[in-house]
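Student: Please build the complete structure, drawing on both the sequences and the hints.
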Amino acid sequence: MAELAVEQARNGEFWADCVERIAQERDKHSFMQLFDYFSPRVNAYLLGQGAEAAMAEDLSQEALLALWNKAHLYSREKAAVSTWLFRVARNLWIDRLRKQRGVAYESDENLAETVDDEARLNADGERLKAVLDTLPQSQAQVVYKSYYEGKSHSEIAGETGMPLGSVKSSLRLAIKAFRQHFGEDGV
Amino acid sequence: MSRIEHHPNQETLLSYAAGALPAGLALVVGCHLQYCPECRVSVNAGEVLGAGLMVALTPKALSARARTSVLEQLDTDLSEGKHAAKLSVAADKMNPSASNPEAIPRLLHRFLQEDNFDSLPWKRTIAPGLKQIILSCDEGDVRLLRIAAGKRMPVHSHRGSELTMILRGGYSDSVGKFNAGDVADLDASVEHQPVADSDEDCICLAGMDAPLAFRGWLARLIQPIVGM
Numbered sequence: 117m118a119e120l121a122v123e124q125a126r127n128g129e130f131w132a133d134c135v136e137r138i139a140q141e142r143d144k145h146s147f148m149q150l151f152d153y154f155s156p157r158v159n160a161y162l163l164g165q166g167a168e169a170a171m172a173e174d175l176s177q178e179a180l181l182a183l184w185n186k187a188h189l190y191s192r193e194k195a196a197v198s199t200w201l202f203r204v205a206r207n208l209w210i211d212r213l214r215k216q217r218g219v220a221y222e223s224d225e226n227l228a229e230t231v232d233d234e235a236r237l238n239a240d241g242e243r244l245k246a247v248l249d250t251l252p253q254s255q256a257q258v259v260y261k262s263y264y265e266g267k268s269h270s271e272i273a274g275e276t277g278m279p280l281g282s283v284k285s286s287l288r289l290a291i292k293a294f295r296q297h298f299g300e301d302g303v
Numbered sequence: 002m003s004r005i006e007h008h009p010n011q012e013t014l015l016s017y018a019a020g021a022l023p024a025g026l027a028l029v030v031g032c033h034l035q036y037c038p039e040c041r042v043s044v045n046a047g048e049v050l051g052a053g054l055m056v057a058l059t060p061k062a063l064s065a066r067a068r069t070s071v072l073e074q075l076d077t078d079l080s081e082g083k084h085a086a087k088l089s090v091a092a093d094k095m096n097p098s099a100s101n102p103e104a105i106p107r108l109l110h111r112f113l114q115e116d117n118f119d120s121l122p123w124k125r126t127i128a129p130g131l132k133q134i135i136l137s138c139d140e141g142d143v144r145l146l147r148i149a150a151g152k153r154m155p156v157h158s159h160r161g162s163e164l165t166m167i168l169r170g171g172y173s174d175s176v177g178k179f180n181a182g183d184v185a186d187l188d189a190s191v192e193h194q195p196v197a198d199s200d201e202d203c204i205c206l207a208g209m210d211a212p213l214a215f216r217g218w219l220a221r222l223i224q225p226i227v228g229m
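Residue numbers (this note's numbering), protein chains in the order written: chain H, 117 to 303; chain A, 2 to 229.
These are computed hints drawn from the structure, not numbers from a lab. Careful: at least some of the hints might be erroneous.
What the hints assert, rightly or not - List of simulated lysine to aspartate or glutamate pairs, EDC-like, C-alpha gap at most 20 Å:
| no. | chain 1 | residue 1 | chain 2 | residue 2 |
| --- | --- | --- | --- | --- |
| 1 | A | Lys61 | H | Glu178 |
| 2 | H | Lys186 | A | Glu39 |
| 3 | A | Lys61 | H | Asp174 |
| 4 | A | Lys152 | A | Asp174 |
| 5 | A | Lys152 | A | Asp202 |
| 6 | H | Lys144 | A | Glu39 |
| 7 | A | Lys61 | H | Glu265 |
| 8 | A | Lys61 | H | Asp152 |
| 9 | H | Lys292 | A | Glu39 |
| 10 | H | Lys186 | A | Asp76 |
Tutor: Take a look at the structure:
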């Protein structure tokens, strides 16, 4: 387990190094490494949200290009590259859905000030998926529908037939399970 | 802002991080985050979780054409416009009080384009002592409420989820005392009767859940495609 954590930390470090090389040297090779790893995942995320294939591809390109154009704003102490990209992809998608752009989320520039201690949170997907798999069905379902489908509490209630209060309490329990799994500083 | 005592619920913050809150509710959370480091940590944790879940998805590669097109764009400089926009946001952040003496939350300020709550076009409501401004919002209902100093609101509950952030003044109800920066995260089970502080009007930003018709959501989905 410890060894696995080191391996994952190195991966996070590796991507952070890539972004720093982009910022400092406009290194295209580093960018293409990031592109080839992350763009298919951003694309899958957007397709899951309900984006048409062509739009998902457009937005994925835009998200990755934001990494190239805003690499100088990236700070490895404040965010993992994957977290940064998740925010960018989420915000791009929400902006497409809503007429008033950026109504509810700060711009990337202001996001930079948000938190200092994210470096301690491990965003490794495999481990998170493993926790998700141990959750009771109803909890896994509300997490899944929130993140992968972008559904609100009342939409989830409407679709599943769960009372609104149960949707909320299932989410609360899932958050608790993630916290316990990753310890005090974890997710 | 005073010390913040009341926060959005954890599940509300998670849905915000997931990009899954209706715009009306998300706007209130976004405004609160500006003043609340504690909730920023929670949202951040939710975003780390989102990133992990995104990375764990089965990858779906972009077309070879998309890859080539991105490579070509690496040599294009950022447009001047983008630079300008970035600078103005940075200036806004560095000196929020310059253009914004009342400390209107950044996200709301962008929405209102107004520097002072008192110069907004407040409209009377059927409730005595309550004025409001309805803000147009794609999903859900967002309004600014102004309760006259010392006024007691009628007892009421809410149909769905409702988030209320205090912007100026304060009120008390059965849940507790709410001051500037605090958020009341209520659902239909809560019945309350807020009483505004006696020394000044209480101004709040209230976001209500959309009457979420899936059809509406789909309509918005195709909007950009048909070029509206």
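Student: Are the hints correct? Go through all of them and say.
Tutor: Results for each hint:
For the hint linking Lys61(A) to Glu178(H), the alpha-carbon distance of about 16 Å falls within 20 Å, and the restraint holds. The straight-line distance between the Cα atoms of Lys186(H) and Glu39(A) is roughly 27 Å, outside the 20 Å bound, and the hint therefore fails. Between Lys61(A) and Asp174(H) the CA atoms are separated by roughly 13 Å; this keeps the pair inside 20 Å, and the hint holds. The hinted pair formed by Lys152(A) and Asp174(A) meets the criterion: a straight-line CA distance of about 12 Å does not exceed 20 Å.
A hinted pair counts as satisfied when its Cα atoms are at most 20 Å apart, and Lys152(A) with Asp202(A) qualifies at roughly 9 Å. This hinted pair does not check out: Lys144(H) and Glu39(A) have alpha carbons roughly 38 Å apart, beyond 20 Å. Between Lys61(A) and Glu265(H) the CA atoms are separated by roughly 16 Å; this keeps the pair inside 20 Å, and the hint holds. A threshold of 20 Å between alpha carbons decides the hint, and for Lys61(A) with Asp152(H) the separation of about 11 Å falls inside it, so the pair holds.
For the suggested pair Lys292(H) and Glu39(A), the alpha carbons sit about 16 Å apart, so the restraint of at most 20 Å is met. A hinted pair counts as satisfied when its Cα atoms are at most 20 Å apart, and Lys186(H) with Asp76(A) qualifies at roughly 14 Å.
Hint compliance for this structure: hints 2 and 6 are broken, all remaining hints hold.
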